[in-house]
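**Q** Here are the chains, one letter per residue:
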Amino acid sequence: MKKPLLSTALLLCSLNVAAAGSKVLATGGATSIEGAAGGGIVPWAVINGYGSSGQWSVTGYASQVGVDDFTLNSKGIGLSYDNKYELSFGRQELKLDTMGGELNQQIIGLKYKIAGELLYSAMPQISVGLQLKKQLDFAIPAAVGARHDSGTDIYVAASKVWFDALWGRNILLNATVRGTKGQQTGLLGFGTVSNDDYQWVSEFSAVMLLNPQWAVGAEFKQKPNELAFAREDHWRDVFVAWFANKHLSLVAGHVDLGSIATFEHQTGYYLALESTWSF
Amino acid sequence: MVVLIRSALLLLLVGCSSAPEPKDWLYQQLGAETGVTRLVDGLLVEIEQDPQIVQHFADTDIPRFRKLLIEQLCELSGGPCRYSGATMQESHTGFQITQADFDNLVDHLIKVMTAQQVPVGAQNRLLAKLAPMYKDVVYR
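Residue numbers (my numbering), protein chains in the order written: chain A, 1 to 279; chain B, 1001 to 1140.
No wet-lab data here; the hints were simulated from the structure.
Note that beta-carbon positions come from the ideal geometry of N, C-alpha and C, so glycine has one too.
Any given hint could be a false lead.
[What the hints assert, rightly or not] Just a few of them, taken from the derived set where beta-carbon distance is under 7 Å, the chain B residues facing chain A:
no.	residue
1	1103
2	1106
3	1110
4	1115
5	1116
6	1120
7	1125
Please model the entire structure based on the sequences and the hints provided.
**A** Right, here's the structure in full:
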């Protein structure tokens, strides 16, 4: 999956077409594992791609998280308009490397910017979003106590860039509040036999932009802990992002996913590739 | 012990008395008069080549615009100038400037500053001063 995408991206970049969009480099963020523009594991208030007012943007992404006993492959496509509306189609494949087998999930994401401008307003940019998730291999989640094979996450996110904030560098902070019934973001189903209520969780990202092309950051994602058979931990990551230009970005990180389905101390790498085109 | 305290106090004093940042720090970082002039000229070239925003300058007296922009960036960066033009709100009203237009100008400015080797910290300081003007410039 990754190699053809990379070579296509490089080929397209070398054509040097004008379809770059107006937004400032890096302000489209990266694409999170659920398909929304953001960091690696947190959806932000930013809208994907580089389409500014009146412009369209198309974004393709592929990422891989590799921890001790699992591998998560995510890929998908995003569409945005007017730096205000975002639509994404994502597909996740969780490989159970130690247990054997895999769990697939599809996610349709919607995001709408309701206020503020990431770079220009004193108020943070604020967006609301929906993620319609469908677990495609429900046998295992059902066996461990999940109630539904689908669920809808709702969230509100606030993001802001402060110029010249620390050591002359620009800082982006994001805070997201999410309502979810998902176990391990839905990969282990939604709701449990004993509890079918929404759980409210907070997610945070902090990023320092070292220069227009390079950024380093850290994220924290609070997780519910509802399944009886295994503890679910909060997620953390640190990352480096490189924005080659308005068509290509790469993110590499280290993740700590804690305990997953009784497998303890799941740590490892995160790699993401994104290509975006604006019109 | 007394010696230790005394040297600690001395260190503290030295630390506190280290020269505060001069008022024209940013102006000097941008290259003072020569640098600011080059920055504006570079920006004018970018504007001229940008079909998205060049239309807004169809009726603009470019030499006057250039002079005012140099004045404005000079004053804004702590240089020895006085901006003699209209307020941002007055000078942009009626132009229907969009977010995309504003984004493009920021993009051009970063490109020109980078090409002229303005340090990243100084670039960000200038952007910090210009970004709040968005509300006075766009959709007026």
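**Q** Hint by hint, say whether it matches the structure.
**A** Evaluated hints:
no., hint, in the structure
1, 1103, "holds (4 Å)"
2, 1106, "holds (6 Å)"
3, 1110, "holds (6 Å)"
4, 1115, "violated (12 Å)"
5, 1116, "violated (14 Å)"
6, 1120, "holds (5 Å)"
7, 1125, "holds (5 Å)"
Taken one by one, the earlier hints fail for this structure at numbers 4, 5, listed in ascending order.
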